[in-house]
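The sequence shown lines up with residues 516 to 603 when you count with our numbering.
Rather than coming from a laboratory, the hints here were simulated on the basis of the structure.
C-beta atoms are modelled at their ideal positions from N, C-alpha and C, and glycine is treated no differently.
No incorrect hints appear here.
Restraint ranges, calculated between C-beta atoms of paired labels, are given here: (1) Ala565 x Leu535: 21 to 29 Å; (2) Val545 x Leu519: 28 to 36 Å; (3) Ile558 x Leu535: 14 to 22 Å.
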Amino acid sequence: LTFLTRDGAGMLSTLLFSRLARPFSLKSDVKRWRFAADLLCNIALFTEFACCNRSLSLFKLTLALSLTNAMKAICGIMASAASGPIDY
516 LTFLTRDGAG MLSTLLFSRL ARPFSLKSDV KRWRFAADLL CNIALFTEFA CCNRSLSLFK
576 LTLALSLTNA MKAICGIMAS AASGPIDY
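Input sequences plus hints: build the corresponding full structure.
Laid out in structure tokens, this is it:
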């Protein structure tokens, strides 16, 4: 059940983010979007590591891991969508 919830949250978040990010031009400001993707990925990894050391209930653990999986999925969409060259 935890795996299905986690995987479903990742799939749903990629669909929602790709729909909501459509008006924004990800290729016009590549540095900002890649920085945001890196920051989101770091927050997701920190949250995932923090959940391992705590004794959480199954519901809270599933909720936290679903949230981190959604953040990592959005990070992948943001980083791949902003694939233009970085101009300094």
